[in-house]
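*Asks:* Residues per chain, in single letters:
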Amino acid sequence: MSSVPPANPVPEIIEVYGLRKVYHTGDVDVEALRSVDLSVKRGEFVAIVGPSGSGKSTLFNILGGLAPPTAGEIWIDGIDLRQMTESERTEMRQRQVGFVFQKYNLLPTLTARDNILLAQAIAGIKTQPVGFDNVLKMLGITNRMGHKPRALSGGEQQRVAIARALVNQPAILLADEPTGNLDTANSNAVLQLLRDLNRRTGQTILMITHNPEAAAFADRIVYMRDGTIVQKGDGEIDGSAV
Amino acid sequence: MINKLVIENLKHRWVRTLGSALIVGILVASIITLIGLSRGMLEESAERAKGTGADIVLRRDTGATIALQTGPISEKFLALVRKQPHVAQAVGVLTQSVEVITSMNGVNIPEFEKLSGGFHYLEGGPPVGPDDLIIDQAYSRQKNLHPGDTVKLLNHDWHLAGVVEGGMLARFVVRLDTLQKDTENTGRLTLIYVKLDDPARTDAEVAYFNKLFAGDLKANSMAELVSMFSISSIPQLQVFIKVITGMWVAVGFLVVFLSMYTAVIERTREIGILKALGAKPGLIVDLLMREAVLLALVGWVLGIGMALVARQVIVKVAPASLNVINVPDFWPWAALIALTGALLGAIYPGIKAARHDAIEALSYE
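Residue numbers (the numbering used here), protein chains in the order written: chain A, 1 to 242; chain B, 1001 to 1365.
By construction, these hints were calculated from the structure, which means they are not laboratory data.
Note that beta-carbon positions come from the ideal geometry of N, C-alpha and C, so glycine has one too.
All clues stand as given, with none of them false.
Derived lysine to any residue pairs resembling SDA-like cross-links, with alpha carbons at most 20 angstroms apart:
(1) A:Lys103 / B:Glu1360
(2) A:Lys103 / A:Gly180
(3) B:Lys1316 / B:Met1306
(4) B:Lys1218 / B:Ala1207
(5) B:Lys1280 / A:Arg89
(6) A:Lys148 / A:Gln102
(7) B:Lys1004 / A:Asp114
(8) B:Lys1114 / B:Pro1199
(9) A:Lys41 / A:Thr201
(10) B:Lys1004 / A:Pro149
(11) B:Lys1280 / B:Met1001
(12) A:Lys41 / A:Gln169
(13) B:Lys1280 / A:Gln120
(14) B:Lys1280 / A:Glu91
(15) A:Lys137 / A:Arg195
(16) B:Lys1011 / A:His147
(17) A:Lys41 / A:Arg220
(18) B:Lys1211 / B:Arg1059
(19) B:Lys1242 / B:Arg1039
(20) B:Lys1011 / A:Pro108
(21) A:Lys103 / B:Tyr1364
(22) B:Lys1011 / A:Arg150
(23) B:Lys1114 / B:Pro1126
(24) B:Lys1280 / B:Tyr1348
(25) B:Lys1280 / A:Ala123
(26) A:Lys103 / B:Ile1359
(27) B:Lys1280 / B:Ala1361
(28) A:Lys148 / B:Trp1014
(29) B:Lys1280 / A:Ser87
(30) B:Lys1280 / A:Arg95
Which residues of chain A face chain B? A partial, calculated answer using Cβ under 10 angstroms:
(31) Arg93
(32) Gln94
(33) Phe99
(34) Thr111
(35) Leu117
(36) Gln120
(37) Ala123
(38) Asn168
In isolation and in its complexed conformation, chain B is listed as follows:
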């Protein structure tokens, strides 16, 4: 019966209930989309790195998963790496951010094709001239670009030479020397991909490189690198998500607080009736808490629905820019976030309601 009263109260003021649930839903959808985007982008990066076919990746020894500096490694290291035993191929790559969250790779195309087995060209062919660019299929579809078109990126007019299937290196690939020159990183690299003559020696060679280049370069096996492309491996992203989550909990708290506070004022007389019938303060608080929980759960379900729709829209509108994945394993956490905000928001109105004097409440008009 108490649950029925809770549901009927929410139904009775359905506009406010729906409005509050929608706001909670938007918060839930936002956080699910943020997590889906973060994971999607990281997974895509991991897949692209794995797609190169390299066994080992050498980066500047900074401890960070993602390099924030474009060319932290001297190209001289590439020559040194190539001289080491068991190194079948070594290719230097320069990475430059483009359009905020996508990136462009500069690489020696023939060398990279030897290491990776080559791009799968859907249209056109490999870059030959200094201004030649290849893009992946997703970007080609999103922007309706085809070989022969001019693409302006990094304040440079590129000639689109080919469209590749994607799944290795960045969405945009150009000649290494051109990108080095454009970004004033001549002689510099972001990382070095290494293919061994025997992949079984990977762990031993990782240890060898780490000893050889200690303090300059950090070697990771591709498996290690892929595992590092996760939110938990990037402290800055973790902090960002925590801050955003905290803000959403605060907004959820405010929404439910205001909704419950006005509900308590509007329902002063009803609270008086409950008290006259013998309802204890705990029951009054319990009633409002249950309403808040129900609001949060309805908002959570709406939020999941909105997140799924948002993902579909993003995939359709910007498949090459934003890679959002479904994160059903995060849904319970989103529920916890919504419930936390809602329960915090219901505490004060609940206590206020429980403290109403029955006689005064019954005379409330």
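For reference, chain A alone in the conformation it holds in the complex:
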């Protein structure tokens, strides 16, 4: 296990060392993550690919502060998640992490604009960040902001969800199967947008997918199986885990 604390957490925006997650279901312990090590540089677009049950969603939830780790170290933009209380992890979700989900997860009662503003309100931010209008233009939803989710296509809803995830200028954007509910044309459009965002704004993106074609849009692909990383983007397979 390579649990080495970072000497200088600045260059890497995500650093994970020896991450373990065990779920207790009745009398049975299920090890969802087994000593995961992962580093992501600021401005990288990384895809995590793996079959169902490989642990990629668990990794997503822990990196997003939705679930605590059982063991290991996690640093997000220099913040040590291991030391965080539930309340601190909640605060981290307000500003440090932006989520994009497979099912969009927009609030159905609010318009696209209000869904975005709500994320700001929860974080206690009152002003729109500089340049956010350009992000909306890039996402192509400027003229759809007054509509509620039911009046938007799946692709439009996902683009609104991306805007919501970005409005508080998070350190990382976590996308969980962002094209899982979209047809091919909309999938390609959303993936292209994520890549453009990454290239033009330097937004760090960590995307979970089981689709190799979607993963191909990323700078680097990390493969997971049985709760561990088996291959990183440089093509090197972690023999200990295979």
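Got chain A; can you put chain B on it based on the hints?
*Replies:* Chain B alone, transformed into the frame defined by chain A:
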């Protein structure tokens, strides 16, 4: 933005919102109407007592504002009162409940007319025969009764002799001896009205009578008696209103509880989204509390409207039976009652929502 979310959530499930608000409104209308009825009936009683023109009222010394016994005073006291100095007139009255909340007075009409200055007859004239009855204008209108008609009350066929303007004694007035006989209270009275030769001596004479009749009769000035016709002076009515209010708070609690509980279950995924966005448990509880407050306030406004309409209907349908008055000073209390029920009802669903695990909530279908 949080308030907007609250309003949009309520609008989104408008049938449930309207249904819940209507139930809260009915509760608010009921309590406002109850208070309006209680006060209206008491004020009417006070006005009718004041309308007699008496300076002092003598009742059985029981400590109660309203006499529950028809004839607790021996008529012998009337003779004693008349012999006292400064007593210009004294009239004995027997009161008997009729139709649950209205009442009939038996009185010596000529004596009472001397004390009060006389009834103002709109139709007919004073009772002469033993079965003669006079009624007030409101009852005459409500029942479309006119002199010469027969009115069956207290299992007695009365001959309607006259219709008076009202505002003194009860809605039905008959001869004292007839009512005493009908109610098996021969020689008994409910109270004695006293007119002094000098109204300025009222306080002194009240003290004098209280000393003279200590343990038997209680004397009050008319001003004192009128002030006693209030809800706060009648412990039994206070208890009744408190019990009813408690029941309405409980119903309001249940309505909001069920509404919010189902809302929390339906919105599990939305709660998960809020948590993923960084909403703390306090904010989730706050959201539901605001919804409950809004429900209660909408219900309160609807309730006031319903109470005003109910009063108009009652005044039109039964002007002589139920005297309901508007009680705007009680509206804030009604709001407090509605808010209490609603907030209590939102606590558990709010805590349940706040405790949702974000990951499980996000996977809720």
